[in-house]
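2 protein chains.
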Amino acid sequence: MSGKYVYLFEEGGAGMKNLLGGKGANLCEMTNIGLPVPPGFIITTEACKDFTRLGQKFPEGLEGQIREKVMILEKRLGESFGDKTKPLLVSVRSGAPVSMPGMMDTVLNLGLNDATVGALISSTGNERFAMDCYRRFISMFGDVVMGVEHNKFERILDRQKNKAHVHNDNELSGEDWREAIEEYKKLINRETGKDFPQNPIEQLFMSIFAVFNSWNNDRAVVYRRINRISDELGTAINIQAMVFGNMSDDSGTGVAFTRNPSTGEKKLYGEYLINAQGEDVVAGIRTPKPIAHLERDMPLIYKQFEEICSLLDKHYRDMQDIEFTVERGKLWILQTRNGKRTAQAAIKIAVDMVCEGLISREEAVLKIEPGQLEHLLHRRIDPEAKLDIVAKGLPASPGAASGMVVFDADLAEKLGQEGKKLILVRTETTPDDIHGILHAQGILTSRGGMTSHAAVVARGMGKPCVSGCEALHIDYEHSEFKVGDLVVKQGDIISIDGSLGNVILGNVPMIDPGLSPEFQELLKLADQIRTLGVRANADTPEDAAKSRGFGAAGIGLTRTEHMFMAQDRLPVVQEMILAGGLREREAALNKLMPMQQEDFYGILKAMDGFPVTIRLLDPPLHEFLPDAEELMVDITRLRLTGGNKDEIKEKEDILRKVRALSEHNPMLGLRGCRLGITYPEIYAMQARAIFLATARLVKEGLQPIPEVEIPLVIDVNELAYLRELVDSVAAEVKKDTGVDFHYTVGTMIEIPRAALLADEVAAEADFFSFGTNDLTQTTLGFSRDDAEGKFLRTYLEQKILTDNPFMVLDRKGVGKLMQMTVELGRKTKPDLLIGICGEHGGEPSSIEFCQMAGLDYVSCSPFRVPIARLAAAQAWVKVKGTADIGYGTL
Amino acid sequence: MSGKYVYLFEEGGAGMKNLLGGKGANLCEMTNIGLPVPPGFIITTEACKDFTRLGQKFPEGLEGQIREKVMILEKRLGESFGDKTKPLLVSVRSGAPVSMPGMMDTVLNLGLNDATVGALISSTGNERFAMDCYRRFISMFGDVVMGVEHNKFERILDRQKNKAHVHNDNELSGEDWREAIEEYKKLINRETGKDFPQNPIEQLFMSIFAVFNSWNNDRAVVYRRINRISDELGTAINIQAMVFGNMSDDSGTGVAFTRNPSTGEKKLYGEYLINAQGEDVVAGIRTPKPIAHLERDMPLIYKQFEEICSLLDKHYRDMQDIEFTVERGKLWILQTRNGKRTAQAAIKIAVDMVCEGLISREEAVLKIEPGQLEHLLHRRIDPEAKLDIVAKGLPASPGAASGMVVFDADLAEKLGQEGKKLILVRTETTPDDIHGILHAQGILTSRGGMTSHAAVVARGMGKPCVSGCEALHIDYEHSEFKVGDLVVKQGDIISIDGSLGNVILGNVPMIDPGLSPEFQELLKLADQIRTLGVRANADTPEDAAKSRGFGAAGIGLTRTEHMFMAQDRLPVVQEMILAGGLREREAALNKLMPMQQEDFYGILKAMDGFPVTIRLLDPPLHEFLPDAEELMVDITRLRLTGGNKDEIKEKEDILRKVRALSEHNPMLGLRGCRLGITYPEIYAMQARAIFLATARLVKEGLQPIPEVEIPLVIDVNELAYLRELVDSVAAEVKKDTGVDFHYTVGTMIEIPRAALLADEVAAEADFFSFGTNDLTQTTLGFSRDDAEGKFLRTYLEQKILTDNPFMVLDRKGVGKLMQMTVELGRKTKPDLLIGICGEHGGEPSSIEFCQMAGLDYVSCSPFRVPIARLAAAQAWVKVKGTADIGYGTL
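Protein sequence lines correspond, in order, to chains A and B.
So that you can map any letter, position 47 of the first sequence is 47 in our numbering, and since no number is skipped, the others follow by simple counting.
So that you can map any letter, position 315 of the second sequence is 315 in our numbering, and since no number is skipped, the others follow by simple counting.
Possibly wrong hints are sitting among the right ones.
No copy labels: a pair is met if it fits in one copy or bridges any two.
Calculated lysine-lysine pairs in the BS3-like style (CA-CA distance at most 25 Å, straight line) [to be verified]: (1) K827 to K812; (2) K829 to K790; (3) K790 to K421; (4) K482 to K651; (5) K57 to K829; (6) K524 to K386; (7) K734 to K829; (8) K827 to K816; (9) K657 to K392; (10) K816 to K829; (11) K699 to K605; (12) K812 to K75; (13) K735 to K524; (14) K17 to K878; (15) K163 to K645; (16) K829 to K645; (17) K17 to K314; (18) K546 to K17; (19) K330 to K651; (20) K734 to K421; (21) K267 to K489; (22) K303 to K699; (23) K266 to K340; (24) K489 to K649.
Simulated from the structure, these hints should not be mistaken for lab results.
Could you build all of it, start to finish, from the sequences and the hints given here?
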């Protein structure tokens, strides 16, 4: 707890963000490359940490170091604290390693007191200006440092204006301000029992103390919790000589981006005000002018600023967001930082900078946050629109939609066929609602998580969905839902934002998706870099085609069960499930076979020449059956109202079967390959459908590459048993059709035991595909549907987990199992193909982990394919390092 | 596929069971120690395996080796195949490495033909005897080797008896037999198109062929599947000179055990028949005499036999089951093997043999199959009783009970209070049924697995339970259940066997449990050997006391939730769960606290000086609430019948809360420490109750050792958070009571992630306890309740898994995680206390694994403590080897 706590700007650099904060490090950097930065020094984050550790006490040596740097500053400027003619005035600003805008405290104009304000009057000849500065300082200091509520100062100001019969602050005279200042001082004394300190060095230490404390104020703590910023970082403090943009008409202040932050266009973008301070821009009393006008107002300043912008853009090799102030004809740069930008701008800037030779391809792909791309790939709500958000659910399927509220799937189908736009609103959806979902623009449910039926089906169809919106109280009987006191009736218009989980009243303006040429260019760069393959999860020929369009090199997961849920098939599927014996079941399966064959034909055709992983039936059978509770209620009603006996009996029969199939924990029940082993005829039918489709395509001269995938394996014996079944069906089909074709058989790795025994399992597998959704559920013992609506939020808030493990792959637990799997599996088969098809396959941090773990490919939903391509390139750069990166052009 | 396929008895020994089969190896051993064994040779299991591998063909060299050994046999006996005066007659018997009684084929009297039968007549002077031998051989050979149905031979025999006007076989004359034999031969020719072979060597090869094939006959395959015997073992074949116990009145045959197989008493036990063959004993035409009578009938033979028995008992150092035959005054030993015995006998024999200096303590403990002890520890059905078993469910809680069928918990309570014996029969039980269970002798449910509510509660209370008896169709409305056509009404008497899962009509005779002095002695031996600690799982002071009685050195698991389910507490618990907010919940918790405190006081007192691991609340809260479906039906009924509006509303309110708490996969939902993190006030209450009880006991001069256990941990952060909570409560209690006490805080390891991150978790844990029930569920992705009733049976039948992983610890998967945990945990804390409290803690093979993995203790239900003590001793011997074992006496 000692050492160097204070750095002059000359002593630091851009690389010292953790020690000096982001703002401070950049001030140092600019100072060192010779830009006009008002001089100053920085108190380090280490000092802040030690301060906190010591229980809000300055660590040893800090005070002395500060005093020393103040003296250097005084010497350099020829000013000094409290001097009656040349007083030193400084700003004291927080500056953490990670930007936390507005969360911590700032004090400006420090150094003013009853004596030094006189110097300011005489040097500017503007009493009103000087007094205004002084009173601003007192109220800011009183508020931030001494804890007097800001509005109490405002009330004094209001009284003063009433007294002077004026409306605006700037109409007050110097004398008025003088009176107000006296009242301010009295207020402070009254509230705190202490006088406003006249000694500037005392002002300074008190301010530093306050800024350090503000690291742990409530709003900063909450902000960090929400944004997952470590409490351990601490803040630095920047102490810098004041410059005034409001001193005269050859003064001013402004902000500019070196490139357009909306479009990425390479042109200065920003605004400024003459004779004003930063605060004035914020207050909105005067309208700032576009930066281009500065060329006319202050041509020399403009030219200098333009050059500095160009220099900083090149120096940081990124678009900069720059604050400047002109004091009496002299330009000062107060801040530079990487500018925030839209996804569209980010892409254009990155691609442009490669063309300009500023950055390498590898650096370019690193400049885009892949999650940003998502917005560009879906219809989205105009970010400028004012929204009446009435509730928030889970962002279950991205994109946005508007339409009338409909509570019933049949009605939805009817209205949809009439061309109406609608949002289907249900507590939860079931396979019975599929036809309604098909005709809806979007889905809204009050229950269920990110993997609920509604969410999965909507994502599959590429429709927006908000699920688990628990604030919604749906009353089917009255065809309405309530949110608090608000009642929304069937037919009312709402909008949903499936990317954010918002439910919005009424129509909202939308922006259609579009892939710009720069976007395509960026993905081309990414493809040149990445080694990780990218496939899509797709269940239909349409999705397969869409995936190809997005650049997917194959399908990593085709879920055959979604085909089972189609409206025309569900009755046959139910027939199959409710079958009394093998013969009945096979009869139903025979009806399903041609339908499945068509599905596979279409998908394999759309993916001609690319591999298609087809997962055999996975979910528990009761997912295809009606709900036991509803049946029970029906039966009770029928009995009490003397209903038809046959009908009662029929329902009772179904109920019995539903009950027999119902499970305590369906996630861990009769599903996956357990179905295939219990009812081999189901998997045999699916295998036959796959191979018949394959044979037909081969005959037609195409190149189908089916990969048959066995889900939920925990033991090599399961795989061996089912592989034999699949192989024997393949042999039959080859014999029957006279066509030879190639296929492989592999397995999902989605249960810990399969991972632990991957060496054994690999002996029977041509490929592994990580099903990280289920692997996360079993490794963490988290039912996703239950966790996300319930305790997971608490876990994230309490920082027990840093991320939602269903969104960002849990590297420590699930990842450890994955690494074991890869290692063990390749020990048995060095060339084992290994991919991932859980939702993590489309999430950048998880993709990075997949690269590290040595996977061959990731697979994700079609819309995320571009994101995955970019993330895969980033992963390569991050994991493999940038040793062999040369700067290049496109 | 070649080498030595045939061994003379002189060439083998007892250690060659795998190669020569159990029977053959012992024949060799007896031959070599000079006992009178009819000479012969053995064809190895390797020959059988090669025979199968080659597609039912003799491997090269086998035929020659057999011919060679036949010649040796002929030379030694002075007899030869087909010789008209001194023909060689042999038996051909299967003999696998593992006993498969009656499953494979045997041929006797081989070598007889139309010519050699004459030699038998003249050598015995008994035509009837010789012809009987010949016809038996033809029919046996015809059946076993040539595939002619046995009853067709029987029919010829019947005709012959009709013709001769006699009833019994032994009334037929030599001439009658001669005629029958001719008919037999014709039958064979008619059925097979082939003649009965007259060439003895041809007979021999055909028989060998048949016996090899019988390894794969249907009944042998099924037997192996049921008994989990590998198909790979193959069978050996014993070819041995015939001896005849039915040749004369100085001939005979018998079977004897060297000690009493029921009681273990050291006294010859068995029976014999004069002038008879083994078959006659089985046929039951004549009643055998007790072996002691042989001393009078054949004093010299008896003396010789007694000496041989004593020799074999000593030689094998185990009780032997010996077959002998006397042929014309000469004793022959045909078989010896370790005798089957009751648990009681097994214990006495083992303890006696230590006293006799025959075996070491270590060998003695290895002689008892620990599972056998279970029977001795519970009331059980008299094994002699004839039972009318009407259905079979899961053996959910051991022991047996009889009583009247009662379907309703309230009625059960009423009848129980009147002193009636009853069996509570429910589809499933819920906490609402606890008062009924309390008054029932046993529980029978038609649904639910080994961890269903009924099973868990019954095991906890030590009551027998049969669960998941799906054949039962319960009709509450008519107070009856059906099994097929059988109707059982309320009040009818049934019995259940919770050790076997049987449901039996009517009362059955029972045997009360009792610990014999030998049992105590055996456990003392075990305790001297074992290093693994044994604790009990106990939730009440009574169970704690019982556990001490069984020798448990502490409690490894106290489930606090069972205390929550007690009838007087459930309403308060429900109040707590349905509470609108923190204050209401705390009010309910305050009511529960004194009750919990009393629980802990009682348990810690009963375990004075021994550690008690107390697990904080674990199960999902909705387990304590009524069923949603029943509520829904009630509401529908009330609505339709114009019920009270307030009542409807109240039920709707409860339903809403039940729904809000209901989960898709409760196993993976809001339970365990997730409850403690979501509602810290619950865990705080429990911790306070534990520590107040502890403080009180310390004041009373006792030594309570509470170990506070946090369940379902997946991350060290959970444990750190809750440990802080527990520590702060402890500090408060210490301050409030002025008493200092000691306690530890640890965690269950029951989710894969906790195992994978055990090094991190150990940093905050004083102990680990493996919850292998849940760890098995998550590692395998098996919901126990769903798997056991559904696919697990198929998995075991198809040999996809070798054992039910909930009964026998899955070493490959779960075990691998356990080993990682121990290794990682002890890397952080070398002296970390590690135990197991899942049900595997009482299962011998799992206990062996725990010893291997380096655990400190196992914990199991009180009744299994003796089993665990024995199994722990066995584990030590097996795992650590027997290097330092010296023979000793007690």
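Results for each hint:
For the homomeric pair K827 and K812, the shortest alpha-carbon distances inside one copy (22 Å) and between copies (17 Å) are both at most 25 Å. With identical chains, the CA atoms of K829 and K790 are never at most 25 Å apart, being 42 Å at best within one copy and 34 Å at best between copies. With identical chains, the CA atoms of K790 and K421 are never at most 25 Å apart, being 33 Å at best within one copy and 45 Å at best between copies. Taking CA atoms no more than 25 Å apart as the test, K482 paired with K651 passes between copies only; the shortest distance there is 21 Å, against 33 Å inside one copy.
Neither within a single protomer nor between protomers do K57 and K829 lie at most 25 Å apart by alpha-carbon distance, with minima of 61 Å and 36 Å respectively. Taking the shortest alpha-carbon separations for K524 and K386, neither the intra-copy value of 36 Å nor the inter-copy value of 81 Å comes in at or below 25 Å. In this assembly of identical chains, the alpha carbons of K734 and K829 never lie at most 25 Å apart, being 27 Å within a copy and 60 Å across copies at closest. In this assembly of identical chains, K827 and K816 lie within 25 Å of each other by CA distance both inside one copy and across copies; the values are 17 Å within and 18 Å between.
With identical chains, the CA atoms of K657 and K392 are at most 25 Å apart between copies only, with a shortest distance of 21 Å across copies and 38 Å within one. In the homo-oligomer, the alpha carbons of K816 and K829 lie at most 25 Å apart both inside one protomer (20 Å) and across protomers (21 Å), since each shortest distance falls under that limit. In the homo-oligomer, the alpha carbons of K699 and K605 lie at most 25 Å apart inside one protomer (12 Å), although the nearest pairing across protomers, at 81 Å, exceeds that limit. In the homo-oligomer, the alpha carbons of K812 and K75 never lie at most 25 Å apart, since the shortest distance is 54 Å inside one protomer and 75 Å across protomers.
For the homomeric pair K735 and K524, neither the shortest alpha-carbon distance inside one copy (44 Å) nor that between copies (69 Å) is at most 25 Å. Taking the shortest Cα distances, K17 and K878 sit within 25 Å of each other inside one copy (20 Å), while across copies they are farther apart (61 Å). In the homo-oligomer, the alpha carbons of K163 and K645 never lie at most 25 Å apart, since the shortest distance is 89 Å inside one protomer and 65 Å across protomers. Proximity of K829 and K645 under a CA criterion of 25 Å is satisfied in neither setting, with 61 Å inside one chain copy and 68 Å between copies.
Taking the closest pair of Cα atoms, K17 and K314 come within 25 Å of each other only inside a single copy of the chain (19 Å); across copies the shortest separation is 84 Å, beyond that limit. In this assembly of identical chains, K546 and K17 lie within 25 Å of each other by CA distance neither inside one copy nor across copies; the values are 43 Å within and 66 Å between. In the homo-oligomer, the alpha carbons of K330 and K651 never lie at most 25 Å apart, since the shortest distance is 87 Å inside one protomer and 77 Å across protomers. For the homomeric pair K734 and K421, neither the shortest alpha-carbon distance inside one copy (48 Å) nor that between copies (67 Å) is at most 25 Å.
With identical chains, the CA atoms of K267 and K489 are never at most 25 Å apart, being 50 Å at best within one copy and 91 Å at best between copies. With identical chains, the CA atoms of K303 and K699 are never at most 25 Å apart, being 71 Å at best within one copy and 86 Å at best between copies. In this assembly of identical chains, K266 and K340 lie within 25 Å of each other by CA distance solely inside one copy; the values are 15 Å within and 93 Å between copies. When the C-alpha separation of K489 and K649 is checked against a cutoff of 25 Å, the pair qualifies only between copies, where the shortest distance is 23 Å, while the shortest distance within a copy is 37 Å.
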